[in-house]
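Here is how the chains run, residue by residue.
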Amino acid sequence: MARVTLTVNGVARSVDAADPDTPLLWVLRDRLGLTGTKYGCGVGACGACTVHVDGAATRSCQVPLSAAAGRRVTTIEGLSNDGGHPCQLAWLAEDVAQCGYCQPGMIMEVAALFAAAERPRAGRVEAALSGHVCRCGTYGRMRRAIRRLAGEPGKGA
Amino acid sequence: MSTTRREWLRAGAALGGAALVLRVPLFGESSETAPDTTLAPNQWIRVGGDARVTAVVARSEMGQGVRTALAMILAEELDADWKSVSIVQAEPGPDYARMSTGGSGSVQGSWKPLRRAGAAAREMLVEAAARRWGVAAAECRTESGRVRHAASGRSLGYGELSAAAALLPVPKEPRLKDPASFRLVGTRVPRVDGPAIVSGQAAYGIDTRVDGMLFAAVARSPLPGGRVVRFDRAAALAIPGVRGVHELDGGIAVVADDTFSAFAGRDALAAQYDDGPGSRLDTAALWRRLDAAAEGAGRVTRREGDAAEALAAAPVRLSATFRTAFQAHATLEPGNSTARVAGGRCEIWTPTQNPQRVQKEAAALLGLSPDEVTVHVTLLGGGFGRRLDADYAVEAVAVARAAKKPVQVVWSRKDDFLRDRLHPAARVDVAGGLDASGRVTAWTHRAATFHLSMFGAFNPTEDPEGNPWGGYDFPYAVPNVAVAWSEVESPIATGAWRSVYYPANVFARECLLDELAAASRQDPLALRLALLSGPSPATVGRQVFDRAGLARVLRLAAERAGWGSPSPVRAGRRSGRGIAANVYDGSTLVAQVADVSVGASGDVVVHRIVTAVDAGQPVNLLGLEGQVESGVIWALSYALKGEITIAAGRVAETGFAEYPLLTLNEMPEIETVIVPSSSAPFGMGEMPVPAVAPAVANALFAATGRRLRRLPIRSADLA
Numbered sequence: 018m019a020r021v022t023l024t025v026n027g028v029a030r031s032v033d034a035a036d037p038d039t040p041l042l043w044v045l046r047d048r049l050g051l052t053g054t055k056y057g058c059g060v061g062a063c064g065a066c067t068v069h070v071d072g073a074a075t076r077s078c079q080v081p082l083s084a085a086a087g088r089r090v091t092t093i094e095g096l097s098n099d100g101g102h103p104c105q106l107a108w109l110a111e112d113v114a115q116c117g118y119c120q121p122g123m124i125m126e127v128a129a130l131f132a133a134a135e136r137p138r139a140g141r142v143e144a145a146l147s148g149h150v151c152r153c154g155t156y157g158r159m160r161r162a163i164r165r166l167a168g169e170p171g172k173g174a
Numbered sequence: 032m033s034t035t036r037r038e039w040l041r042a043g044a045a046l047g048g049a050a051l052v053l054r055v056p057l058f059g060e061s062s063e064t065a066p067d068t069t070l071a072p073n074q075w076i077r078v079g080g081d082a083r084v085t086a087v088v089a090r091s092e093m094g095q096g097v098r099t100a101l102a103m104i105l106a107e108e109l110d111a112d113w114k115s116v117s118i119v120q121a122e123p124g125p126d127y128a129r130m131s132t133g134g135s136g137s138v139q140g141s142w143k144p145l146r147r148a149g150a151a152a153r154e155m156l157v158e159a160a161a162r163r164w165g166v167a168a169a170e171c172r173t174e175s176g177r178v179r180h181a182a183s184g185r186s187l188g189y190g191e192l193s194a195a196a197a198l199l200p201v202p203k204e205p206r207l208k209d210p211a212s213f214r215l216v217g218t219r220v221p222r223v224d225g226p227a228i229v230s231g232q233a234a235y236g237i238d239t240r241v242d243g244m245l246f247a248a249v250a251r252s253p254l255p256g257g258r259v260v261r262f263d264r265a266a267a268l269a270i271p272g273v274r275g276v277h278e279l280d281g282g283i284a285v286v287a288d289d290t291f292s293a294f295a296g297r298d299a300l301a302a303q304y305d306d307g308p309g310s311r312l313d314t315a316a317l318w319r320r321l322d323a324a325a326e327g328a329g330r331v332t333r334r335e336g337d338a339a340e341a342l343a344a345a346p347v348r349l350s351a352t353f354r355t356a357f358q359a360h361a362t363l364e365p366g367n368s369t370a371r372v373a374g375g376r377c378e379i380w381t382p383t384q385n386p387q388r389v390q391k392e393a394a395a396l397l398g399l400s401p402d403e404v405t406v407h408v409t410l411l412g413g414g415f416g417r418r419l420d421a422d423y424a425v426e427a428v429a430v431a432r433a434a435k436k437p438v439q440v441v442w443s444r445k446d447d448f449l450r451d452r453l454h455p456a457a458r459v460d461v462a463g464g465l466d467a468s469g470r471v472t473a474w475t476h477r478a479a480t481f482h483l484s485m486f487g488a489f490n491p492t493e494d495p496e497g498n499p500w501g502g503y504d505f506p507y508a509v510p511n512v513a514v515a516w517s518e519v520e521s522p523i524a525t526g527a528w529r530s531v532y533y534p535a536n537v538f539a540r541e542c543l544l545d546e547l548a549a550a551s552r553q554d555p556l557a558l559r560l561a562l563l564s565g566p567s568p569a570t571v572g573r574q575v576f577d578r579a580g581l582a583r584v585l586r587l588a589a590e591r592a593g594w595g596s597p598s599p600v601r602a603g604r605r606s607g608r609g610i611a612a613n614v615y616d617g618s619t620l621v622a623q624v625a626d627v628s629v630g631a632s633g634d635v636v637v638h639r640i641v642t643a644v645d646a647g648q649p650v651n652l653l654g655l656e657g658q659v660e661s662g663v664i665w666a667l668s669y670a671l672k673g674e675i676t677i678a679a680g681r682v683a684e685t686g687f688a689e690y691p692l693l694t695l696n697e698m699p700e701i702e703t704v705i706v707p708s709s710s711a712p713f714g715m716g717e718m719p720v721p722a723v724a725p726a727v728a729n730a731l732f733a734a735t736g737r738r739l740r741r742l743p744i745r746s747a748d749l750a
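The listed protein sequences derive, respectively, from chains Z and H. With this note's numbering, letter number 17 in the first sequence gets 34, and the count goes up by one each step, no holes. With this note's numbering, letter number 312 in the second sequence gets 343, and the count goes up by one each step, no holes.
If we strip away everything but chain Z, and leave its shape as in the complex, we get (with noise of 0.2 Å):
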């Protein structure tokens, strides 16, 4: 039984992890509570997953526990306090979600872009978010979401 001790949503949690190579995902979800961050596929192809580690984007399927030691792991339940985060009103402006499923790891993914940068080019955001699955097919409305926090004036689609 290994005992990892890393920071999550700002606070430390001490995890005993059976098999320290129990992915971040699982360790959030069954261990932690933090069903926010989604299983779709296990293997880093559609992206559900995504959190912040370090302020990074990163599919938390595929992240062992033992890598994540010591490190800020941010999840959607910890982007803001209230849902008020410009990604998340961005979000409801535009009613981007349908079943919601993908969601919170396509605004994960937006979030840490728009941290690392100040304004982005919608481009490069879309880019990154081209690498996420969403089935009900709510990419014009995240397309829409996005130049609205880049400021950009886009057509939308």
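FYI, nobody ran anything at the bench for these hints, they're computed from the structure. Hints are supplied without guarantee of correctness; some may be wrong.
Unchecked claim - Label pairs and their calculated CB-CB ranges:
| no. | chain 1 | residue 1 | chain 2 | residue 2 | range |
| --- | --- | --- | --- | --- | --- |
| 1 | Z | Val60 | H | Glu493 | 39 to 47 Å |
| 2 | H | Ala688 | Z | Gly101 | 30 to 38 Å |
| 3 | Z | Arg30 | H | Glu493 | 42 to 50 Å |
Note that the structure is predicted; figures quoted are calculated from it, not measured. Glycine included, each C-beta is placed from N, C-alpha and C at the ideal position.
Following the hints, put chain H in place on chain Z, whose structure we already have.
Frame of chain Z; chain H shown alone:
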């Protein structure tokens, strides 16, 4: 699909007698007992003494926006303050007898009963206010959660009236609003679940957490009739976190402290399977069955005039064979359910489109009566027809019973592909004949596809009327029509999939019309409009087609898309536009124009899809447009991206890398033109899907001169 099956898919809401709505706590919602100041005139609506309005939704939310749309209908007739409305998800029971969500029927089927339910509550609140003021109810009006008496300037909030209103008789024939006075219905309302979704609080099936629960993965053969013949129990138990290994009917469950340990324990089982005779099956063998059926007699479901004779006599005639591939649902939330079996009762939390089926099948497994089984319907991370089956819920019940603990069974992505109920491949043979003036005088359409095993065993004597969808309801005025249908018993698991049988049939129909237009040097829009100038509405069997309405959406889509103007010039690429239309089950009318280009290597870019739609009275414009956007992306995925193949009896593509779906960088501009209407609303979940692929294929012909008769389209087809 038979009428009864179609009705089952649609499952309209049944309005039972007036009954008190008991608040049923859902996971993530606070539990409260109904205070006696609550007005609860029926099972759909409650108005509390705190002025909170609760709308009970008996349909599953899978992204189509049903929780928002149904609550809007109730709130409209109640004249509620929309901000005061919250949603409670119904559970199967006497008041909610038919909760199946399918066939795009939720809004259509709920429109009348929910309007009446809201109007009844409103009349009771008005009557309570009138009595308190000693005035006639007719002198009062309602607005945003208040009853007002204009003559005296008095007003009372619904919360101040609910207790008194609750003592009044429930009106049997409440007066409904004139649609012209709607304030909420027909506007743009963001989905009610949006804030929970963007903050990670929305609870899907897989997010269910119950005290003392464990997580499980199940090893089973993906083939019908397959079984486990060998497994290493000790190796699984040696995996850290694994608590137990349980033999089930047809599988082995590994129960653990967390999902990852359950997956690891299942891997450690190293289970070996006897897949049975189905393991020799592959895609080619399945196609041989379809081809044999397509070349056989088939069952004639529609006949007008003599299509064979008219075809033979036609100076211009064309025939072609169209094929569409097997497809997966690939919901982002994989199959999962949570169950607790104890004390002669069972409780299930599941992302289902069909709670009554879950209840019935779980009860049968456990030897309980259905009322001893409680089904909590969570949010669904996509449904698209897959979750009309109950297999993944019943599996969790079996594991929970064996483990004697609450258990959540989670499918890996691979499990989800292997255990899908596939959209079956189809072959459609169509032929059309033109007279010397270029008018279509003969049409034959015959389709062969596999039966949908999700709905039961193959029944060759089932009434085929209405089939094939998209062929039987050929909407154009042609004097000689023959339609035939061949349903083949499916040896693999198949099921309902967004727009079910329409995709292949509308693809074939709308593409051959385009071929006939080209063969007679007619504009494809003009050819269709001429065929829709016949009698309208037209009736075939139980279907009624609004030909004039279909012509209207065709004109609107064409106009918005710049039909008739040259396609945009794109350096190094060949561009073209294509058009197609469909009427869905005699209801929603859709026309679509695709603007595409093709590069030298045959790479296809879809630049723009314009949709014109008449779905009757729009309930939520934002939701309606969302369904168009979603349906277009769904269709482009099956038209241009992945397909499912079968090898050794099972699905060969078991991940998103092997089964690619359309991504953000590939999506076109999507524009939607909505026809204003005050007739009762039709559905929108599936309707925008079928005409997209033929519009794209016709556009590719305009760009390249090549006819594409197989989906998905490959670059090699166009290089």
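What hints, given by number in increasing order, does this structure fail?
3
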